Amino acid sequence: MLRHIRIVLASIFFIAITLLFLDLTGVLHLWFGWMAKVQFLPAVFAANFAVVAGLVLLTLIFGRVYCSVICPMGVFQDIVSRLRVTRERRRKNHRHFAFSREKRIARYGVLILFISAFLIGFHAFVAILAPYSSYGRIAQNLFAPIVQGVNNLFAIISERAGSYAFYTRDVWIRSLPTFIIAAITFIVVVILAWRGGRTYCNTICPVGTILGFLSRFSLFRPVIDKEACKDCRVCEHNCKASCIDISTHSIDASRCVSCFDCIDNCKFSALKYRFAFGAKSAVRETEAPGADEGRRAFVIGAAALATTAVAKAQQKKVDGGYAAVMDKEVPHRDTPVTPFGSRSVKDFYDRCTACQLCVAACPNGVLRPSTDFDRFMQPEMSYERGYCRPECTRCSEVCPAGAILPVTPEEKTTYKVGLARVDRDLCVVETKGVSCGNCARRCPVGAIRMVLKDPSDPKSLRIPTVIETRCIGCGACENLCPSRPISAITVNGRENHLEN
Amino acid sequence: MDRRQFIKTTGAGAITAAAIAAGCAPRRDEDKSGNTPSGMPYRVNPNNGDRVSLLGYGCMRWPMVKDASGADIIDQKVVDELVEHAMTNGVNYYDTSPAYLQGQSERAAGLALKRYPRDSYYIATKLSNFGNFSPEASLRMYRDSFEQMYTDYFDYYLLHSIGGGGWEQFKRRYLDNGMVDFLKKEKEAGRIRQLGFSFHGNQQAFDDFIAMHDRGEIHWDFVQIQMNYIDWTHADGVRNVNAEYLYRQLDDREIPITIMEPLQGGRLANVPANIATRFKEREPDKSIASWAFRFVGTYPRVLTILSGMTDMAPLKDNLDTFLDFKPLNEEELEFMEEMAVLMKEYPMVNCNDCNYCMPCPWGIDIPGIFRHYNKMITDGTFAQSHEQKEYARLRRAYLVSYDRAIPTVRQADHCISCGECVPHCPQSIAIPNELNRINRYVEKLKRDTL
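Protein chains in written order, with our numbering: chain A, 1 to 500; chain B, 501 to 950.
Hints are computed from structural coordinates only; laboratory data are not their basis. Please note that a few of the clues may not be correct.
If you only want the chain A side, here are some residues facing chain B, beta carbon under 8 Å, derived [claimed, not checked]: (1) 167; (2) 268; (3) 325; (4) 390; (5) 438.
Predicted, not measured: the structure shown is a model, and the values here were computed from it. Cβ atoms here follow ideal geometry from the backbone N, Cα and C, with glycine treated the same way.
So here's chain A without its partners, still in its complex pose (with noise of 0.2 Å):
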């Protein structure tokens, strides 16, 4: 029983969550968008202090629960396991899994760096360990792309139905080190599952240390009648936490998430999940991490170091009767821009958990997983795509971290995230000589004057200017220049959004 409802929680909280990221029409956050925010680290770093005191005191009183329905990597390894043990249950009474000792030397380790990165601010870090940010992560580069093909697919359908239920989207990687630090996650992720179930929860996930240290004090458990007991290990052999060990009749609360297939596998049900507070927990101390965890160590770290950047091979396609585009470049911006509705750069960086979910909402194809070193993976915004639109506030509405406080499309224009300034080198007007202000024209605050090349001569050309206070960094002017492949205007991050 107790386990049907979590399973029906947990699908309920999994579903919800990936289609967060898989979502096109930007309206479910309007439903789920709490269960991002009820996330342990994001909710930690948004000092979201009820949020935080809740989990805190439900693993107090039932467990690691959080690990089993709350936490989408955590019920992601339990579908993984799950597959696996579906496919050997045919042979009876197999060992699919079985008592492990605690790694507490590389559970402390890794909760140790990962607060010490915390502390210095290596946000790279923090990300890849970050268990619902890995899972976004893996969502919004490995899932979203195959929905958004099938969207594509649907949209070409409805395009000649002459409806417009669907449209293309632009599928596109909008960050190389990122998609591959997803992939390698999840290829771990699904590794590990396979094999040991929850070996990743246990001996990696910071979250999982902080709260399995929390649940050895749990009020309720499960706990197993050593009478009743046959000493049959289908407990043992089916606990995907490997935390059951039936030859001293006792289970490791601190490695146990609640998940309660013990207790409805049990025939002869000598476990019950109870008011256990005090039981022991019998745990045996542990080795040094193994090869094992040494592996896995380097290929984390290997991957936090493939930040080789996108090489864009641009084929030019002339199109007959059109001139040809030249695709937009980067270009250099000494402070990054980060969304409206972040106080500072540095603020910004400092809740970021690199979960993407803002980049799978951003419409406008402007925020991207940074490749910067400090900043690896926590969203930054660029313009060669489309500029942050006035009436777009979606970025703020999903951030479960605090880091983009939510807006609305008036407060926009009074946080000033970054300065336009004008490359004179590049412009149309300097090298072609004709007559342009697409800038000015398309700038929604009025933030750019033309004003006379040669003030002595009143017909000479115009040319942008930028009035630094009513600037406010949206990368309209930046994304509708007409230089190319680099914008003669181009956005400048400001560190302090709010001040005047």
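Position chain B against the provided structure of chain A, taking the given hints into account.
For chain B alone, kept in the frame of chain A given last:
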């Protein structure tokens, strides 16, 4: 003669002309509906007795396909079929230009026509020296047309699209380089049978060209004008002249008139729904386009009406109209005027999709943007305000179909208003202003502030 009387007389004239023509139509396909249409009407050129079919084939809109390298090429096989069907049904006037369809139109028409005896059709082509006015370049263009079209004479030869830029421009294109004198000699030599011009411009320019004729400096054998029930009396008057004025001036001098843009580039075949309903109420089985052709054909000085038929469907529909040609009566002409007034209330762009403005150096798909905008208006799927019924659906329809029709980097917001396109537009559309107007509309839709 007041307007009413005039319509009466001209209408009667047209009917007579059609009746005369009926008796001597060439062989044609049997009409499948079982009706017995009276056959292709022919109008006689008073200068030389040419019997010209009232429906002429405009060769500016042949079907295009992509070749192996992705370049646009004319689909010659379809062109052959179209010309075959047109010839069989009595269409004997083919109008092309060295500039059309990226320079491929003349050759395609030439290939399709050389399968028939040279005296069974009339070729009209033009001196389209838009870029280079030098005598050498103009001569080269003139001579090349013979080769492209496999002929040693042109039945009708036009100075292409004069009027834009006024007298000054005309002087540079045709007088200073000696081309007019040259062409007059070519006419004497018989390589040009009829010499005329096609006109886009203001009244002053037109008057100047007609004055040449009146002074005897040149005899314009024919003139090609843009005429349809909108332009008849509703041209903007600043940069375009009412077709009625042009027609009267030419009619007074008994100069035969060939007609271009009878459908305004197809826009008069696809009119807003409530106007379409009015047409269909009167003639449920006739196409919307048929009304526009009948309007033009009602006027007797019209020698031929050009239609750029891209595929079989418009060709067959036009044959339907012309093989059983019925000029409009006085009451119907008044009805057309009413429809023209209604049409002018829609904020459509006056673009005929001729592509003269293309390629835009900044990659903007100018005719595509106008086509999409006009289509949304005529389809009745035009979001106009928040209060509108189904506003949300219409808003989405516009934005989604806009992205489908035009790649984002070729949309109106990328227009930098350099103005390079403006002198190329025969309709004198203020292209950057119109693109900006459409972009402001799109911005309002996107921001949901309409």
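Violated hints, by number in ascending order, as checked against the structure: 2
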